[in-house]
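**Student:** Turn these sequences into a full structure, and let the hints guide you.
Chains as they are written, first to last, in the working numbering: chain A, 283 to 793; chain B, 2 to 384.
Mixed in with the good hints there might be a few duds.
[What the hints assert, rightly or not] List time: in silico SDA-like cross-link candidates among lysine to any residue, alpha-carbon distance up to 25 Å:
id: 1; chain 1: B; residue 1: Lys-74; chain 2: B; residue 2: Ser-59
id: 2; chain 1: B; residue 1: Lys-34; chain 2: B; residue 2: Glu-280
id: 3; chain 1: B; residue 1: Lys-177; chain 2: A; residue 2: Ser-322
id: 4; chain 1: B; residue 1: Lys-40; chain 2: A; residue 2: Val-766
id: 5; chain 1: B; residue 1: Lys-332; chain 2: A; residue 2: Gly-478
id: 6; chain 1: B; residue 1: Lys-70; chain 2: B; residue 2: Glu-280
id: 7; chain 1: B; residue 1: Lys-40; chain 2: A; residue 2: Ala-680
id: 8; chain 1: A; residue 1: Lys-754; chain 2: A; residue 2: Val-766
id: 9; chain 1: A; residue 1: Lys-754; chain 2: B; residue 2: Leu-178
id: 10; chain 1: A; residue 1: Lys-388; chain 2: A; residue 2: Leu-602
id: 11; chain 1: B; residue 1: Lys-40; chain 2: A; residue 2: Leu-426
Hint data in this document are derived by calculation from the structure and do not stem from the laboratory.
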Amino acid sequence: MYNFIFRRALSSLGVLLVATFLIYILVDVAIDPLSDLITSTAPNKQALIDARIQQLQLDVPSPVRYLGWLGGVAGCFIGKCDLGVAWTTNQQVTDVLVSSIGVTIKLVTLATVLAMILGVAVGVVSALRQYTGFDYTMIFISFLLYSLPSFWVAVLMKQWGAIGFNDFLADPSISVVTVLVIALIAGIIWQAVFSGDLKRRLIVFASAFVVTAGVLWYISATNWFSDPSLGFVVILLTGVGIAFALTAIMAGLRNRRALYAAVSTAVLIAAIWYPMQFAFRGATGWTVFGLALLVTAAGVAIGWFWGGYDRAVSMRISGLVALLGFGLLYVDRVMQAWKPYFNSSAINGRPIATIGSATPGLQGSFWTMQLDSFTHLILPTVALVLISFAAYTRYSRASMLEVLNQDYVRTARAKGLSERVVIVRHAFRNSLIPLATIIPLDFAAILGGAVITEKIFGWRGMGTMFLSGLQKNEIDPVMAYVLVIGFVAIVANFLADLLYAVLDPRIRVNA
Amino acid sequence: MSEQTTNTEETRAENELELREVAGLSQGQIVRKRFLRHKAAMISLVVLIAIILLAITSIGWGPIPGWWKWNFKQTAPLALPGGRPTLQLWGEGGFHIGDYPFGQDELGRDNFARVMRGIQTSLTVMFIVAFVSTAIGILVGAIAGYFRGWIDSFLMRFTELFIVVPVLITGAVLGKLYGTPTPVILAIALGLLNWTGLARLVRAEFLSLREREFVEAARVAGASHTRIIFKHMLPNTIAVIIVNSTLMLSAAVLLETSLSYLQFGIQAPEVSLGNLISEYQSAFATRPWLFWWAGLFIVAIALCVNFIGDGLRDAFDPRQRRIPTVRALRKAELKAQLGASSATPAGLMVDALEVDEPLIERIETEGNQDGGEAAGSGKDSTN
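**Tutor:** Written out as structure tokens, the structure is:
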């Protein structure tokens, strides 16, 4: 095993060396740092050209310059990286790189996680309801999303998502017809998800319809959008709902202890809603993170106290309920910053932003800044989710179908296990194995592949650094991008292989 | 009547259906039959062919003249204010196409001709990319998987090398070397970068195939490596190859349009679908039609190709059984029972229009008592 890792790491390093060398030569051919001077009419043109050749060592052949660059990169191992200079602005590439990576990670993380969760959920449900109306609809939607060019979606989102929604926010009331149509669609979707005989479908449809219509009517009637918040009641109800749903999926409602643990965690979350308002005051990113850990630990502890024969399950469920509940508290607090944010002069009543990752010149508390970054994140995130969601749906549907046809699933059914256990334990877990190997690759791809989304929404991330480097004839930022992306891609590939071997013992790594 | 009996009967009926479907057919025939039956794939195939024909015949291809009045370079005075599309589906005067169905751009060029030209370019790029990358992918994957050992390691590292190279750089390099790259050159370059996925898949297939008996037999019989690879093993990987090269087609369209959008691909005066969108995105507020039509055709082409690929996958995959509808199952079951009339036609929900007259009577008289129970038995496995 160690032998394998060592050999693999060594060969990966070799690949990275060769790749960077080739790309260095290619980029050197592609760019022309002298292009602006060649066409200039300045009297001292020749002197300027000479100066630039001197500055960028253009008289040195590119393989030799590559060695110089490589020396700077090797410095990273002893703690002083030198990735060169973006010469048009005289910025150190390391500085640009650090800020770019930060921006890209901020942009990509949420989108990837959301796409993954949504995609896997829809794919699994679609597989369980194979060849039903729901399945066909989802196949069609995922194919459609898969075929959308990202730049096209993004431009449309800017036009309709941002401008349309901002217009709506100026007068946030929902017409009766809209309420009814949305409720109808929700009802149809939910009855298709739950499936079953006519009676069951009708019950599901009716309850989904009533709940959706009620919530929308409440939102419209109380002008919720102009001062949104969740409040104690909604947090309690949602928390208990989450507790029931998670227990039903992960342990079965017959496991009373797990259910009690989950519900008491949900109640605890609602109970700390009021004290949390003080804890959140003057918070920073780290306090929020710490509080999240604390609350999750409390949830796990509650699970432990309820115990029972299957203590681990209770602990897992209530920990998860606590984490999600804390998410509700967090969202509630961010929402409270909405009204002053909405009315502030920097926003001017049009909160959904189309450009950049933060409103320039906006000053405010931690929560205002959080809200600001969310309003900037929302459009690019939706655009990215729409596109990668489709791939996850297709993967998880295919692998779930594959697993459901396996003999061990039949065996599990034959020995009389409940359908929940068969699907969650035997089928779902195994269907995640191929997915686990795709996720690292996908993350690597999306890290470098958000070039278009970044460009359209004006985020100054990795893609922008690369693109502007190419356009401004700077080799060093381009090479920094290549280095990072190549490194991440190779590590992700390696991780995927390793993960596959760990998850599926039939695969031998040393072969 | 117990649920178990119904289930066995159902399984039997299901098996019978499947057997009848494939009896006496070669693999190719089965695949073709399954593919032709895949509705979404067939519709997509028709639509795709229609798009191709429209794009080629309307403005012509190379020296062949087309039937459309304008070409993609001609400028003309605006027919409607702002160059609005003359295509009208309903309203005053009913449906009519007019001189500029997709509108005109700010120079008065006909958007229909430009979109058609864009489709031609994008489709050319798509087919060349897919062809080049499939050929390289097969070759590299087959050699790596067949010979294993150091050749395999070397080729796989070589593959990783290509994964690392960003596609955008190719566009930039080409732009430098050729001024504005022609579609064919761009497509070949993209094809040279895009084969890595297929190579890995083919290699995986070859790794498992080379341990099989028929390969062993061929080797013992003295077949050369080339013969074993191309005659014995490659036909067995054809499913993977066809499906993936189809999906590669749609990826290639999106890749080309994205590159052109970023201005590293096809550039003016050449026209491609991505290039059109890039050119007109700032005009979205004033001339949305310039943006819409190009985008719609990208989506249509990619969607069609994806559905065709899906249909091929279903057709090639023997495990991907198409589960017959409940109605078809009942019908088959009834027919089986008609043959062996001693069996009790218990508990069936029948669509009355589908069955012969005497049977309906029998079912109505005998099956009423427990009709409700069996209705649920067919689908409970998923709840």
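**Student:** Hint by hint, note whether the structure agrees.
**Tutor:** Structure-based check of each hint:
1. The hinted pair formed by B:Lys-74 and B:Ser-59 meets the criterion: a straight-line CA distance of about 14 Å does not exceed 25 Å.
2. With a CA separation close to 44 Å, the supplied pair B:Lys-34 and B:Glu-280 exceeds the 25 Å bound.
3. For the hint linking B:Lys-177 to A:Ser-322, the alpha-carbon distance of about 20 Å falls within 25 Å, and the restraint holds.
4. In summary, the hint linking B:Lys-40 to A:Val-766 is not supported, as the alpha carbons are separated by about 45 Å, beyond the 25 Å threshold.
5. The hinted pair formed by B:Lys-332 and A:Gly-478 meets the criterion: a straight-line CA distance of about 22 Å does not exceed 25 Å.
6. A threshold of 25 Å between alpha carbons decides the hint, and for B:Lys-70 with B:Glu-280 the separation of about 24 Å falls inside it, so the pair holds.
7. Restraint check for B:Lys-40 and A:Ala-680: the C-alpha separation of about 19 Å stays at or below 25 Å, so the hint holds.
8. The suggested pairing of A:Lys-754 with A:Val-766 holds, with an alpha-carbon distance near 20 Å, which does not exceed 25 Å.
9. The suggested pairing of A:Lys-754 with B:Leu-178 holds, with an alpha-carbon distance near 18 Å, which does not exceed 25 Å.
10. Simply put, A:Lys-388 and A:Leu-602 have alpha-carbon atoms about 23 Å apart, close enough for the 25 Å limit, and the pair holds.
11. Restraint check for B:Lys-40 and A:Leu-426: satisfied, since their Cα atoms lie roughly 16 Å apart, inside the 25 Å limit.
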